[in-house]
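Generate coordinates for the entire structure from the input sequences, incorporating the hints supplied.
Number of protein chains: 2
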Amino acid sequence: MDTPLLDTPYTVIDRDRLLANLEVHRQRTKKQGIAYRPHAKTHKIPELAKLQLEHGAVGITLATIGEAEVFVDAGIPSIFLAYPLWLTANKAQRLAALSTRADITMGVDSVAGIQQAATTLGETTIGFLIEVDSGHHRSGCDPRAVEPLAAALAAHGLRCEGVFTYPGHSYHPGATTTASSDEVEALATATAVLESAGYPVTHRSGGSTPSLHSTKDSLTETRAGVYALGDAQQLELQTMEMSDIALSVVTTVVSARGHTAVVDAGSKIMGADKAAWATGHGRVLGHAEARIVAMSEHHATLVFPESGPQFAPGDILNVIPNHVCNAVNLVDIITVVSKQGPPEQWAVAARGKNS
Amino acid sequence: MDTPLLDTPYTVIDRDRLLANLEVHRQRTKKQGIAYRPHAKTHKIPELAKLQLEHGAVGITLATIGEAEVFVDAGIPSIFLAYPLWLTANKAQRLAALSTRADITMGVDSVAGIQQAATTLGETTIGFLIEVDSGHHRSGCDPRAVEPLAAALAAHGLRCEGVFTYPGHSYHPGATTTASSDEVEALATATAVLESAGYPVTHRSGGSTPSLHSTKDSLTETRAGVYALGDAQQLELQTMEMSDIALSVVTTVVSARGHTAVVDAGSKIMGADKAAWATGHGRVLGHAEARIVAMSEHHATLVFPESGPQFAPGDILNVIPNHVCNAVNLVDIITVVSKQGPPEQWAVAARGKNS
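Here the protein sequences come in this chain order: A and B.
Throughout the first sequence, residue numbering follows my numbering, covering 1 to 355 in sequence.
Throughout the second sequence, residue numbering follows my numbering, covering 1 to 355 in sequence.
Any given hint could be a false lead.
Put simply, identical chains are the same to the list, so a pair is met inside one copy or across any two.
Below are the DSS-like pairs computed for lysine-lysine, each with C-alpha atoms no more than 30 Å apart in a straight line [said to hold, decoys possible]:
no.: 1; residue 1: Lys50; residue 2: Lys353
no.: 2; residue 1: Lys339; residue 2: Lys50
no.: 3; residue 1: Lys339; residue 2: Lys30
no.: 4; residue 1: Lys30; residue 2: Lys50
no.: 5; residue 1: Lys31; residue 2: Lys50
no.: 6; residue 1: Lys353; residue 2: Lys339
These are computed hints drawn from the structure, not numbers from a lab.
Source: prediction; values computed, not measured.
As structure tokens, this is what we get:
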């Protein structure tokens, strides 16, 4: 892209690449024999969620009630809040209102959280999935200790649909296959515990983009989200390729020295994510060897190899954020480009809906 | 704070603490004999900029034209864009429009950038400051090489007001004093070069919050911004204390095990900043020994010392982002609390104005 459509920096989605990614995912999950319910916190865009449903998704996953309000307003019929929500009276009221308009399921990982939900929700059509820890050690209970949670749900007349986990420890080079095995084992353990205690398990939900390729059919559902747009972390983990990247930020070079260029996009449009194992703060579209070696709020410092190109102030480059979910959360509008038609603009309608 | 005002998570400013920080800064810069022009990218809030002007600021600093449009609309009369803007025709038109309503100065660090500005701006009242690199190695030219830039500004009839630098390498434990010396030296070198070539230097602008205490009076102006609100990075660098922190995020514990608690605030409200030297992803207000040991988009994992408190789901805690500038940029509204009166809400009016 030589002539920017807008004043830089701004975020773009390549719609053709996005649609190709959605089709690959549809085919892959079909082959694996599992349903998919993509985590829409990745994009927060109703238009994109609708494309995912058109490509076979059974619904979407979200983290907050505020996000769910946006997607239910946009007509999305089935939402899993994969989060151990602590339902205050106000949050329970908001969630109950949504449950009259869409199928809503939420996560729980403690008896206290279940008691709180029972107290504040009262009689409800909302379903529940018990979160188990498969090795990421964030939320989720020990898979061997799920029985008291199922008992608490039953005692309060709440519908338990099964178990879920997030194998977030897949976000480490070389760890994707191990994390996927941990995920399968944790879900299988929890399922066995529940079934032997007489609780049926209809859902076993897991998934992350890095562990997608090794996902086993012992899952009933994957919630991976990043696969749709891609980011520099997936390049680092070698789980996606440069040609799969559908989201980037269009920037202008503002300062240059030799093979180093400083562009006008920083952490306020790219996000500040940088895992300890990452080789940089992001990548450059079409320049596989280049790295973003430093980033501040409105500057990113790009280093190209000695044998590579040099740039001058005024040149336009597309940079790839490390973590697409946080990058999308920084902008209200994304420009969508396609070889098939004129640019569109999509509102990041659920941006900032943290509560 | 035991009863949250809103559904968590949400961002709060302690107005009493903020005003105390502004007063300390006024006294410090008065004693140092230098003007101050705080970087308002830290807060992006017109109400807060006005309080800074009431506390003696000579104007504000910003990074983008979009931010300047918001603050000029809010009546701020003097703005320095401390950034080597590449002025396309459209950006030049926007900046020229602002210059009819406020005093505008912008940064340059290359002859190419000056030629571009001269071409697109034409005759202008906008002033220019030459950016020099004092050791942060981001943008800015070599302080010994400023003469061609001053000559280019003069040749195009553009007004050169002096030199500026950002000693961003002050953001490292133990580096604040060295960075401050580097800053003084770079500005002095550039000034000597310009004055010996016959170019007067009326402004020598520098400053960062970590280097504030050692700022020398050879600067005419400091642009530090974080001092107003504080963040976990300043605690790590020991340049501010827990009692100075004016901004935090109110969160609910959603999952707990022993001395570990997971709260409902993650990188989508705290920002993902974590410098290599940081001891965690953020801090906990009032719990100096606690650390945020892991963070994802909607979860932060807090670890308290063995001798410290334990928390349960439903408990409320205030967490402190590592980098306040990026945390503020994630929310549209901030709740402002004070012992002197009822809560207010301030719009983060320049949030997301990246271009």
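Quick check: which numbered hints come out false for this structure?
Of the numbered hints given earlier, the structure breaks none, since each of them holds.
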